[in-house]
Amino acid sequence: MALLEQELQKKIDELRFSANSFYKTDKTKYFQLKNEAWNLYPVPKNQWGEAYSLAKDFFRVYIREMELEEARNWLEKMIECNNHLHLFDYDVDFNEGKYFFEIGKYEDALAKWKYVVDEAGLRYFEREKPEYLDFYKNPKKFI
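Everything in the sequence shown is counted per the working numbering, starting at 2 for the first residue and increasing by one.
Among the hints, a few may not be true.
[To be verified] In silico SDA-like cross-links for lysine to any residue, where the CA-CA straight-line distance does not exceed 25 Å:
1. 57 x 92
2. 25 x 73
3. 115 x 130
4. 130 x 46
5. 28 x 54
6. 25 x 5
7. 141 x 84
It is worth saying that the hints were derived from the structure and are not from the lab.
Construct all of the structure, not just a fragment, from the sequences and the given hints.
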């Protein structure tokens, strides 16, 4: 994995984390700053572990806001980064499961989550919507 020059990483981090202060009060500013940070990553963006993390920030927000097309877009960026780096395999699978759950593809969500739980346990469900774990434990309620 390539490492960014320290000053560039610092600038990206400043934009990224200052954006968080706007999430509840000014979503336009929040997304503007996050996008500025994203655009600072050199191309190809998939070679930067930090780019994965930022793409995941976007994915989490769009999934939470139920903007599923945008969530899918950022999930694809996460997958691109992971396909290059192979650092976050279970995390990608868990998040794919979240996306599948939210679009109603419950069997696909269950398959992703079974793989993750078999390999990494239930820890990925911590701090997530309770419905995800409930579904995992009781899929017949949904399927």
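Hints, verified against the model:
1. Between residue 57 and residue 92, the direct Cα distance comes to roughly 10 Å. Compliance with the 25 Å bound is thereby established for this hinted pair.
2. Note on residue 25 and residue 73: the hinted pairing holds, with a Cα-Cα distance of about 22 Å set against a maximum of 25 Å.
3. For the proposed pair residue 115 and residue 130, the alpha carbon gap of about 17 Å is at most 25 Å, so the pair holds.
4. Annotation: proposed proximity of residue 130 to residue 46 is violated, straight-line Cα distance about 30 Å (limit 25 Å).
5. This hinted pair checks out: residue 28 and residue 54 have alpha carbons roughly 19 Å apart, not beyond 25 Å.
6. Of the pairs offered as hints, the one joining residue 25 and residue 5 is violated, with about 30 Å between alpha carbons and a cut-off of 25 Å exceeded.
7. As the CA atoms of residue 141 and residue 84 are separated by approximately 32 Å, the hinted pair breaks the 25 Å bound.
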